[in-house]
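J.: Sequence:
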Amino acid sequence: MTTATTTGADAAASAPVPLPPAGAGPVVSGARRSAPSAAWLGLVPFAAYVLLFLAVPTILAIGSGFVTKDGSFTWSNVSALADPVVLATFANSAGLSLLTAVVGAFVGALVCYALLGMNPDGAVRSTVDAAAGVLAQFGGVMLAFAFIATIGIQGVVTLFLKDDLGVDIFANGTWLYELPGLILPYIYFQIPLMVITFMPALAALKPQWAEANVTLGGTRSSFWLRIGIPVLAPSFLASLLLLFANAFSSYATAAALASQGAQIVPLQIRAALTSETVLGRENLAGALALGMIVIVGVVMGLYSIIQRRAARWQS
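Residues 229 to 543 (the working numbering) make up the sequence shown, in order.
Just to be clear, a hint being listed does not mean it is correct.
Computed Cβ-Cβ distance ranges for the label pairs, DEER-style [what the hints assert, rightly or not]:
no., residue 1, residue 2, range
1, PRO428, LEU326, 23 to 31 angstroms
2, GLY489, LEU326, 15 to 23 angstroms
3, GLY446, LEU501, 53 to 61 angstroms
4, PRO435, ILE397, 40 to 48 angstroms
5, TYR341, ARG537, 18 to 26 angstroms
6, ASP349, GLY401, 43 to 51 angstroms
FYI, nobody ran anything at the bench for these hints, they're computed from the structure.
A virtual CB, placed ideally from N, CA and C, is assigned to each residue, including glycine.
Please construct the entire structure, taking both the sequences and the accompanying hints into account.
T.: Written out as structure tokens, the structure is:
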């Protein structure tokens, strides 16, 4: 008589299933349900912060755009978004944000590429990473003062160019305190932000891909054209959208430099709240905030979609 020996999965499948003890109740198939965990209590402080300092102010700001000064409902504030002056302000903000985002993205990507060949734990790489983290948050009055002291009317660089080289950078007017003057300060903090957001994607490129490219007779150019750039394109575009949203919502630096006028939307909101020429239209600021939230929301939604796609090959 021949006996068959069962091993591996067959043995496990043929093993008898133990029966539950009497009175134990019905058997629940699938994964056993775990008891409720108290770990979620750690999120309570963060949830309270988001509710009190983000959600409630946002709701109040948006809601104020639909009421008049006496509290009655109105569409006049929202309809003011179609005013040519307001549309021009949104166009200025979008143009400034797009320009500084593109310049910051390309320059930041070049910095990341230069850092790619350095030791991740080396002094240069660590210094640049630390500087990028600090400079990306360097804005407001401090950044405005730095540019005024450097390239202002009596700035160090301005006087050097004028007295020693005969170059007057303000020959056509004091552009530093107008809309063009916001370009350089915005680029100043856009480049470090690009380094922070894009460097992880660039560092995640697998060395095996470059080795396979060389094995198949490829060159450095073919690697970047056929592998590197197509793979990094979603991460680069996601970082570009993040830079656009960052510049579009910036206020403090522009408020410190451009004390007069309202060339961009955040300054237009300030004017609606404080200007003596728009008395009785303070709630227009809520409608302007609604327009900004919609634009930033669309941009960040696209950022989330693209970032999920970029994370597929990084995992």
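J.: Which numbered conditions among the earlier hints are violated in the structure presented, ordered from lowest to highest?
T.: Hint check: nothing fails, all pass.
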